[in-house]
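Participant: Okay, here's what each chain looks like letter by letter:
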Amino acid sequence: MQFAFTDEQEQLRSTVRRFLEDKSPPTEVRRLMETESGYDTEVWRQLSDELGLTAVHIPETFGGQGFSFAELAIIAEEMGRSLFCGPYFSSTVLGATAIMETASTAQKEELLPAIAAGERLVALAISEASGRWDADGITCKVRDGKLTGTKRFVVDGHIANLLIVVAREPAGEISFHAVSADSPGVARRRLEVIDPTRKLAQVDFDDAPATRLDADIDGEAALSRILDLAAVALANEMVGGAQWLLESAVEYAGLRTQFGRAIGSFQAIKHKCADLLLKVELAKSAAYYAADAAAANDPELPVLACIAKSAAADAYMRAARDCIQIHGGIGFTWDNDTHLWFKRAKSSEVLFGTPSLYRERMMTQIRDERVYA
Amino acid sequence: MQFAFTDEQEQLRSTVRRFLEDKSPPTEVRRLMETESGYDTEVWRQLSDELGLTAVHIPETFGGQGFSFAELAIIAEEMGRSLFCGPYFSSTVLGATAIMETASTAQKEELLPAIAAGERLVALAISEASGRWDADGITCKVRDGKLTGTKRFVVDGHIANLLIVVAREPAGEISFHAVSADSPGVARRRLEVIDPTRKLAQVDFDDAPATRLDADIDGEAALSRILDLAAVALANEMVGGAQWLLESAVEYAGLRTQFGRAIGSFQAIKHKCADLLLKVELAKSAAYYAADAAAANDPELPVLACIAKSAAADAYMRAARDCIQIHGGIGFTWDNDTHLWFKRAKSSEVLFGTPSLYRERMMTQIRDERVYA
Amino acid sequence: MNGSTPNSPESVRAEVRAWLAANWDPEADLVAWRNKLADAGWGMPVWPSDWYGRDLPQALAPVVDEEFARIDAVGVAKTGIRLLAGWTLLEHGSDAQKESYLRRVLTGEDVWCQLFSEPGSGSDLAGATTRADLDGDRWIVNGQKVWTTSAHHADYGLLLARTDWDVPKHQGLTYFVIDMRQPGVEVRPLRQMNGHASFNQVFFTDALVPSENLVSKVGNGWQVALTTLMYERRGISGSRALPRTDPPPGQIYAQEREETLTALEPYKWYPQRAGRVDLVEARAGNLGDDVDPELRQEVAKLLILSRTAEWTARRARAAQEQGRPQGPEGSLGKLAGSEIARQASRVHTLLAGADAMLAGADGPLDGLIAEILVSVPATSIAGGTDEIQRNIIAERVLGMPKEPRMDTGPFRDVKRN
Amino acid sequence: MNGSTPNSPESVRAEVRAWLAANWDPEADLVAWRNKLADAGWGMPVWPSDWYGRDLPQALAPVVDEEFARIDAVGVAKTGIRLLAGWTLLEHGSDAQKESYLRRVLTGEDVWCQLFSEPGSGSDLAGATTRADLDGDRWIVNGQKVWTTSAHHADYGLLLARTDWDVPKHQGLTYFVIDMRQPGVEVRPLRQMNGHASFNQVFFTDALVPSENLVSKVGNGWQVALTTLMYERRGISGSRALPRTDPPPGQIYAQEREETLTALEPYKWYPQRAGRVDLVEARAGNLGDDVDPELRQEVAKLLILSRTAEWTARRARAAQEQGRPQGPEGSLGKLAGSEIARQASRVHTLLAGADAMLAGADGPLDGLIAEILVSVPATSIAGGTDEIQRNIIAERVLGMPKEPRMDTGPFRDVKRN
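Residue numbers (my numbering), protein chains in the order written: chain A, 31 to 403; chain B, 31 to 403; chain C, 225 to 641; chain D, 225 to 641.
Okay, chain A solo, but in the shape it has when bound (with noise of 0.2 Å):
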């Protein structure tokens, strides 16, 4: 296992930084969040075209550039940082992943080029009202190639042009679908969320048609390691997230006076920078551990994910809440950029799980390592 960056990835790293710098600073998050699609085509574009980011592990024959998850996670990090608006965690991380894990090659050979590219928007549809993400939840039919339910809580699947869809096949075995965005059965409505600058849609889908992804594997198994996957990726959006709002904080605590001397040397503050300083490292040595065993498919991911999300979730939360705190009422602020990545956070707290969820995973997978092992 890797416990530094290699010099490719920290390059990778600043390329990234930069580009988001550049294109997605906190005025471009606000317009952007308010618009119906939430993201700007140029900018995708250029993400796509120039930079390849929606390529990169994707491998190389179905049109990618081959990194592996590690790369992804970096990009996930920093998107996480600036709280990149645009569709990359739903269709690079979260779609294209899916295709990856569920299709055959033939299937890939068609979908993934024009998702590597940047062309074709992935939405992966998992949950449904019951806010569950595991097989246990999944209550979507298909049948002839047919799908009826609804799922909620798809990212972007407002904007998507093709729906990954997880159901159930009439014998009651899990199994994953590719579903035109503009199929006749298909419905879609952007939901009302605490967390504007990531969009969800409830999609309604009645006898719509849909596409096996049949890749000869087990359907259950795979809903879990994509979740896995998606955690960890998750995990290290919400790290770039949780270092943004601490610099913002020890920032703001240096330059901010009161009585006569900057907030920051009191040690109230101080000593709560400290603290979470502390909680966002250890979350990042979660975060960049599991991403590690993602990329070199190690056996102990999902404990690893489990951790990852956990740890990332608390320390994301940890941060938000504690950034408004120091910056105090202004913090409060709308015009204040803080609580735009509080609402992120409170978002990703609980997207495919609560921490405390994770931690029972955890606890659970603890013990069937050891009964199997």
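No wet-lab data here; the hints were simulated from the structure.
Cβ atoms here follow ideal geometry from the backbone N, Cα and C, with glycine treated the same way.
Just to be clear, a hint being listed does not mean it is correct.
Between beta-carbon pairs, the in silico distance windows are [unchecked claim]:
1. C/270 <-> B/397: 56 to 62 Å
2. C/489 <-> A/191: 41 to 47 Å
3. D/366 <-> C/343: 55 to 61 Å
4. D/251 <-> B/365: 46 to 52 Å
5. C/429 <-> A/79: 38 to 44 Å
6. C/639 <-> D/377: 29 to 35 Å
7. A/32 <-> D/366: 52 to 58 Å
Straight line, CA to CA, 25 Å or less: simulated SDA-like cross-link-like pairs of lysine to any residue [to be verified]:
8. D/626 <-> C/637
9. D/626 <-> C/628
10. D/492 <-> D/515
Take the given structure of chain A and dock chains B, C and D to it, following the hints.
Facilitator: Only chains B, C and D this time, still in chain A's reference frame:
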């Protein structure tokens, strides 16, 4: 429900505090905790004869003073504050209360006067090797007036004259029995404990002669109520100890100078103390409220006992930890008194059940209320 | 008759009851009725008889309240900060100021706002840098205030401004009543992260205050402000009063309800800010083991916090009522409230699960949960941050030593934003 | 040959391997072998070739360690604080001092102790008030030190004492080597709350230090002490080294084992102080729903803390090995350790339940759990309290502004205990 102590109660508190400050300073606590019996018989005599504290909540018809559980709780709080070493908690709080809840009038007439006079020491034996305190944990068997089994965690079981033992009848129900400590078939052994100011014993019964306490009651309900009362008394004892620790920490922080300032002028210390004060005051409110409910036979007692015990345990442990931390290295030495209270806090945290078990019990009871109300 | 009655609870009760029987009319006009209250002194009976009161001791005030409540009689205006203005002017104002303002404070005809906080002085109120410079017989005010509630419809403001920069900061402040309806005063709403705009920023550009509007004397502003703040801490400010549910028939109730609703409009989210423990209470008996594994413990912790905080507040009140010295319980409520709000937010998140991502009509309880989640961060800041509360508790309740101060010299030389 | 070899990993490896092949003998006498190591420079190869080393760059030290480990060869003495003494004297000592002490530091023949902390200066080490007064060609020492490990069998102490009371506190300290075996030095064990006595109090009553034992120069003691502390933070101090389990046959292993056991005797509880997460790890796969309702979550939190702290430490090391600037990860270990210990204590309590009340032979794991519970409070204090660590992290890592200081004047006038 009362939210203030009466003048009489305040006077009782002052009397008890003065007595304990005189008779139970830390030097005495240190002396007695190293003895086998764990208490000073002359102080015990004064406490019983002169102050009548052993009689406080026992009805006048049985040789007591006829005060309520609220007065008992005040005494417990003061004893917790001074870490009084003596069989008050075991004999007066647990033993006498158990007899009052489970014995017939004739048995009370026989047993209680000597207890009220402080001449007979009773110990209550509930828990066994499993460490459980509920009815399901009772495996000691009684048949034809003979008791067999092993009890652990019997507070002052090594010095009591009389043991009140919870056992299971052949038909499966729970019953309470009086067993003379010097009966054949009774073997007692003092256990090594973390808190030397509260001694625990293991008692083995091998066909020991036992007299069933035969009030017309449901044994399981009685056990539950006795444990509620025990938890409330212990909660009051704990907040007394927590208050001592808080005062000790604040006092030391005002005296100790580092970097040219009293350490209490640093926000790190100051804010820790403010947070601790909040925790201790909330726990006190819970302990007082629950004691009042116990005195008033309030049907909400089971929920209130859970709140009081868990709040007091958490506040006491926090106070103990913070008091050591504020004292720094000196707080970790044997010669500093803080560890005496720390160990009592740790021991009390788990006596009758951990705070999380009490919280779980609270939730179960809230549910039961809703379901059956 | 004012002041001549022997003040026993019975006599006061008989007197107010008789007066109400003779005067109360649910169909009266609100302002006319309140003028009657001011004349009789029953609206603020603890105020001096010279100024719309009856010299009643505080301990007897509940008797009067009870009699009003018994027949649902309407009292003087209490929303907003007008009563803070009333109390402050009563203690520090000139007779002319009392004459000008107090009656309309009670009738509710004038709206008041408090102009203390500034962008550069939040926790450190005494660090205000809004300036007032004497120019003949008037003061010229320049600067900026913030977190001002009701400023957008206020007639008058309680203004704390710096008039001397060469003395230590607490000594260079002066307290004024400023007319808010003048060209030099600009009020802009301040939007919060939860989307509401309960507060305003107020900009002063050569705004004018006539000399007679100076309260107390030049340089004594901090002392006067402390009076206002003391009454604020005692909860005199009525911003959290709720409108009557199901008001009885009668014109006066309709008028009062409209007044309350207008005053409360910006504060609709205040209950959400506090965490809405009531919503958790309602579900607590209903949480099985099929829910989030941490939920039952976290709910229990929340209920324990919230109940013990309530009991602690009652202990403080009971001690006060018994005339015992107030224990530490009284100062702890605000800090406890922050913990409760945070824990409630945690519990609502666990309860909602994925639904915690949704807001508005799509969100749980029609968006109420989302509003809680994005409002609770205000609780540990508004009205004094947790950090300031801990300082106060440690220093004033526990008697711990103060921090060395860096702002005791002439204000001109104090480091500031 | 010293210093003349081109320093490639391969050449160093070949060289040390050849030397060991020629010299290593498991039946050698421990001190004789270490004298040989000192002569050849392989015991501390990064030390200068003039002083028992080989001028090797730090980056190549692991190669030498690997070769020693490969054949289980014994190294120089590392227990106690003797290597801190070695490094400090190497940097600041006179040639005569190096000549007198360094060799026996490496052979382990002399035991050293560190005399910095005092009852009145714990967090504030520079506030020491033990005094050294010059009397002809010797210094007379009076005062009291505390938290001194190994003082009861030490030959020499590293003493920080005040020699000038009229300058600011950091400037009035001087660093000495003091002979511990003299009548003016009294060592008393200091018992801790867990019953162990790992530390000592040391009382000086007209103890004597000859002038030649002054390290560096008068008034430069704080700078020298910082060197000692820096090496201590780098983990050079060997107090936590464990004795070999299953040592191979050979006289030298027996001698080494005895040395280690003696040195470690007072520290047997150190693993318990850290919380013994290993004991929880061993049971983590085995916790059903029949246990305490909070336990699974609390165990998960502990394992997450402990694993992420370990990965964070490895990130720091990896960055260092790559020659990248060390990130903040390095400074955080101690603070993380405190949190881990506290959380471990919590978990052990929940796991043990009622058994947590028992100790010694009656307690779980033969008293080990009880020892954990009464030892963890030391973790957040020893070696710098959590509060001091947070200051350091905030100021040095995050670059936050320092607090105003109250102790910058002449030490004589600084408020102290």
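Participant: If a hint holds in the structure, say so; if it doesn't, say that too.
Facilitator: We went through each hint and held it up to the structure:
no. : hint                        : result
1   : C/270 <-> B/397: 56 to 62 Å : violated (47 Å)
2   : C/489 <-> A/191: 41 to 47 Å : holds (44 Å)
3   : D/366 <-> C/343: 55 to 61 Å : holds (57 Å)
4   : D/251 <-> B/365: 46 to 52 Å : holds (48 Å)
5   : C/429 <-> A/79: 38 to 44 Å  : violated (51 Å)
6   : C/639 <-> D/377: 29 to 35 Å : violated (54 Å)
7   : A/32 <-> D/366: 52 to 58 Å  : holds (56 Å)
8   : D/626 <-> C/637             : holds (20 Å)
9   : D/626 <-> C/628             : holds (14 Å)
10  : D/492 <-> D/515             : violated (31 Å)
In summary, the numbered hints that this structure violates are 1, 5, 6 and 10.
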